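Heads up: the sequence shown runs through residues 0 to 182, numbered per numbering that gives the first Met the number 0.
No wet-lab data here; the hints were simulated from the structure.
It cannot be assumed that every hint is accurate.
[Unchecked claim] In silico DSSO-like links for lysine-lysine, alpha-carbon gap of 30 Å or less:
no., residue 1, residue 2
1, Lys134, Lys24
2, Lys144, Lys134
3, Lys24, Lys75
4, Lys148, Lys134
Since the model is a prediction, treat every value here as computed from it, not as a measurement.
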Amino acid sequence: MPHSRDTIDIWSVEGRFQHLVYSPKGGIEGVLIDTDGVTTQFVFDRHDEAAAAAFAGLRPGQALVIEGAEQGPSPKGDAAHTVYRFERLDSVDGQAPEAASASQEIAGTVVRLNYARHGEANGVVLDTGDFVHTKPDGLARLGLKIGDKVRAEGRTQPLATGGGQVVEAVRVNGRRVAQAEAA
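From just these sequences and the hints, can you work out the full model?
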(Lines of atoms letter the chains of each structure in order from A and count residues from 1; the text may use other names and numbers.)
(Lines give C-alpha, C1' and ligand atoms only; values in the text may rest on other atoms or scores of the structure.)
Protein backbone atom coordinates (compact mmCIF):
# COMPACT_ATOMS: atom_id res chain seq x y z
CA MET A 1 0.00 0.00 0.00
CA PRO A 2 1.46 3.42 -0.92
CA HIS A 3 2.48 5.78 1.86
CA SER A 4 0.30 8.82 2.35
CA ARG A 5 2.15 12.10 2.10
CA ASP A 6 1.30 15.36 3.71
CA THR A 7 1.12 17.98 1.01
CA ILE A 8 1.83 21.63 1.58
CA ASP A 9 0.22 24.22 -0.64
CA ILE A 10 2.77 26.81 -1.72
CA TRP A 11 1.22 30.11 -2.70
CA SER A 12 2.74 32.78 -4.92
CA VAL A 13 1.77 36.19 -3.52
CA GLU A 14 2.27 39.53 -5.26
CA GLY A 15 2.49 42.75 -3.32
CA ARG A 16 4.47 45.84 -2.41
CA PHE A 17 7.23 45.67 0.21
CA GLN A 18 6.25 47.53 3.38
CA HIS A 19 9.00 46.73 5.89
CA LEU A 20 11.03 44.10 7.69
CA VAL A 21 9.72 42.37 10.83
CA TYR A 22 12.23 42.16 13.68
CA SER A 23 12.67 39.50 16.32
CA PRO A 24 12.81 40.49 20.00
CA LYS A 25 16.60 40.12 19.82
CA GLY A 26 16.92 42.47 16.84
CA GLY A 27 17.25 39.93 14.03
CA ILE A 28 15.09 39.89 10.93
CA GLU A 29 12.35 37.28 11.19
CA GLY A 30 10.10 38.24 8.30
CA VAL A 31 8.55 40.90 6.09
CA LEU A 32 5.24 42.65 5.59
CA ILE A 33 3.87 43.33 2.13
CA ASP A 34 0.78 45.14 0.93
CA THR A 35 -1.32 42.95 -1.35
CA ASP A 36 -3.98 45.19 -2.92
CA GLY A 37 -4.56 47.03 0.36
CA VAL A 38 -4.32 43.90 2.54
CA THR A 39 -1.34 43.38 4.86
CA THR A 40 0.36 40.02 4.37
CA GLN A 41 3.22 38.69 6.51
CA PHE A 42 5.94 36.18 5.61
CA VAL A 43 7.99 34.66 8.43
CA PHE A 44 11.42 33.08 8.01
CA ASP A 45 12.63 29.89 9.64
CA ARG A 46 14.70 30.63 12.74
CA HIS A 47 18.30 31.57 11.95
CA ASP A 48 17.62 31.69 8.18
CA GLU A 49 20.21 34.35 7.35
CA ALA A 50 19.82 33.71 3.60
CA ALA A 51 16.13 34.65 3.73
CA ALA A 52 16.90 37.82 5.66
CA ALA A 53 19.68 38.69 3.20
CA ALA A 54 17.27 38.31 0.27
CA PHE A 55 15.33 41.31 1.59
CA ALA A 56 18.31 43.44 2.62
CA GLY A 57 18.33 46.77 0.85
CA LEU A 58 14.73 46.70 -0.37
CA ARG A 59 12.82 49.96 -0.28
CA PRO A 60 9.16 50.37 0.70
CA GLY A 61 6.90 50.15 -2.34
CA GLN A 62 9.03 47.78 -4.41
CA ALA A 63 6.95 45.13 -6.21
CA LEU A 64 7.57 41.62 -4.90
CA VAL A 65 6.47 38.10 -5.72
CA ILE A 66 7.00 35.81 -2.72
CA GLU A 67 6.22 32.13 -2.35
CA GLY A 68 5.08 30.66 0.95
CA ALA A 69 2.86 28.20 2.77
CA GLU A 70 -0.03 29.59 4.76
CA GLN A 71 0.49 29.23 8.52
CA GLY A 72 -2.19 27.55 10.58
CA PRO A 73 -3.75 29.16 13.64
CA SER A 74 -1.35 30.08 16.42
CA PRO A 75 -1.87 28.84 19.98
CA LYS A 76 -0.91 32.38 21.05
CA GLY A 77 -4.00 33.96 19.50
CA ASP A 78 -5.48 35.23 16.27
CA ALA A 79 -3.22 36.91 13.73
CA ALA A 80 -3.95 40.48 12.65
CA HIS A 81 -3.48 39.43 9.01
CA THR A 82 -2.61 36.41 6.83
CA VAL A 83 0.73 34.85 7.74
CA TYR A 84 2.81 32.65 5.44
CA ARG A 85 5.95 30.63 6.13
CA PHE A 86 8.52 32.05 3.69
CA GLU A 87 9.73 29.66 0.98
CA ARG A 88 11.30 31.83 -1.70
CA LEU A 89 11.60 35.37 -3.04
CA ASP A 90 10.64 35.01 -6.70
CA SER A 91 11.08 38.57 -7.98
CA VAL A 92 11.75 42.19 -7.06
CA ASP A 93 10.37 44.82 -9.45
CA GLY A 94 9.94 42.08 -12.07
CA GLN A 95 13.56 40.88 -11.87
CA ALA A 96 15.23 37.87 -10.26
CA PRO A 97 16.24 38.85 -6.69
CA GLU A 98 19.98 38.57 -7.38
CA ALA A 99 19.78 41.05 -10.24
CA ALA A 100 17.50 43.39 -8.31
CA SER A 101 19.67 43.57 -5.19
CA ALA A 102 23.15 43.34 -6.70
CA SER A 103 23.93 46.98 -5.95
CA GLN A 104 22.05 49.77 -4.25
CA GLU A 105 22.79 53.47 -3.95
CA ILE A 106 22.38 55.63 -0.86
CA ALA A 107 23.02 59.34 -0.49
CA GLY A 108 23.23 61.91 2.28
CA THR A 109 25.49 64.19 4.27
CA VAL A 110 28.22 62.91 6.60
CA VAL A 111 27.28 63.56 10.25
CA ARG A 112 29.97 61.45 11.94
CA LEU A 113 32.74 58.95 11.43
CA ASN A 114 32.33 55.28 12.38
CA TYR A 115 35.16 53.35 14.02
CA ALA A 116 36.31 49.72 13.77
CA ARG A 117 36.70 47.66 16.95
CA HIS A 118 40.39 48.55 17.04
CA GLY A 119 39.61 52.29 16.96
CA GLU A 120 40.45 53.24 13.38
CA ALA A 121 37.82 55.13 11.32
CA ASN A 122 36.27 52.69 8.83
CA GLY A 123 33.39 54.64 7.30
CA VAL A 124 30.84 57.40 7.74
CA VAL A 125 27.29 57.75 9.05
CA LEU A 126 24.94 59.93 7.00
CA ASP A 127 22.11 62.23 8.04
CA THR A 128 19.76 59.58 6.65
CA GLY A 129 20.92 57.12 9.34
CA ASP A 130 22.77 55.01 6.77
CA PHE A 131 26.31 53.74 7.40
CA VAL A 132 28.78 53.74 4.50
CA HIS A 133 31.48 51.14 5.22
CA THR A 134 34.69 51.94 3.35
CA LYS A 135 37.29 50.13 5.49
CA PRO A 136 40.03 52.31 7.00
CA ASP A 137 42.20 52.45 3.87
CA GLY A 138 39.21 53.39 1.70
CA LEU A 139 38.19 56.18 4.05
CA ALA A 140 41.75 57.53 4.08
CA ARG A 141 41.87 57.50 0.26
CA LEU A 142 38.46 59.20 -0.07
CA GLY A 143 39.24 61.86 2.56
CA LEU A 144 35.61 62.15 3.70
CA LYS A 145 34.81 64.51 6.56
CA ILE A 146 31.77 65.77 8.45
CA GLY A 147 29.53 67.87 6.20
CA ASP A 148 30.55 66.17 2.93
CA LYS A 149 27.81 65.08 0.53
CA VAL A 150 28.06 61.36 -0.22
CA ARG A 151 26.54 59.10 -2.86
CA ALA A 152 27.62 55.49 -2.20
CA GLU A 153 27.05 52.35 -4.27
CA GLY A 154 27.35 48.76 -3.11
CA ARG A 155 25.59 45.85 -1.43
CA THR A 156 23.26 46.96 1.34
CA GLN A 157 21.54 45.40 4.30
CA PRO A 158 19.45 46.83 7.11
CA LEU A 159 21.24 48.03 10.23
CA ALA A 160 20.49 45.92 13.31
CA THR A 161 18.86 48.96 14.93
CA GLY A 162 16.20 49.06 12.23
CA GLY A 163 17.03 52.65 11.28
CA GLY A 164 18.90 52.92 8.01
CA GLN A 165 21.15 50.58 6.07
CA VAL A 166 24.78 49.67 5.85
CA VAL A 167 26.36 49.76 2.40
CA GLU A 168 29.58 47.89 1.70
CA ALA A 169 30.78 50.70 -0.54
CA VAL A 170 32.28 49.91 -3.93
CA ARG A 171 32.04 53.50 -5.20
CA VAL A 172 31.65 56.76 -3.29
CA ASN A 173 30.93 59.95 -5.25
CA GLY A 174 31.91 58.09 -8.43
CA ARG A 175 35.33 57.01 -7.07
CA ARG A 176 36.23 53.37 -6.45
CA VAL A 177 36.72 52.67 -2.74
CA ALA A 178 39.25 49.83 -3.04
CA GLN A 179 42.66 50.56 -4.45
CA ALA A 180 43.11 49.01 -7.92
CA GLU A 181 44.99 45.71 -7.84
CA ALA A 182 48.49 45.82 -9.27
CA ALA A 183 48.73 43.82 -12.49
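query: Are there hints from earlier that the structure breaks, and if so, what are their numbers?
result: Failing hints: none at all.
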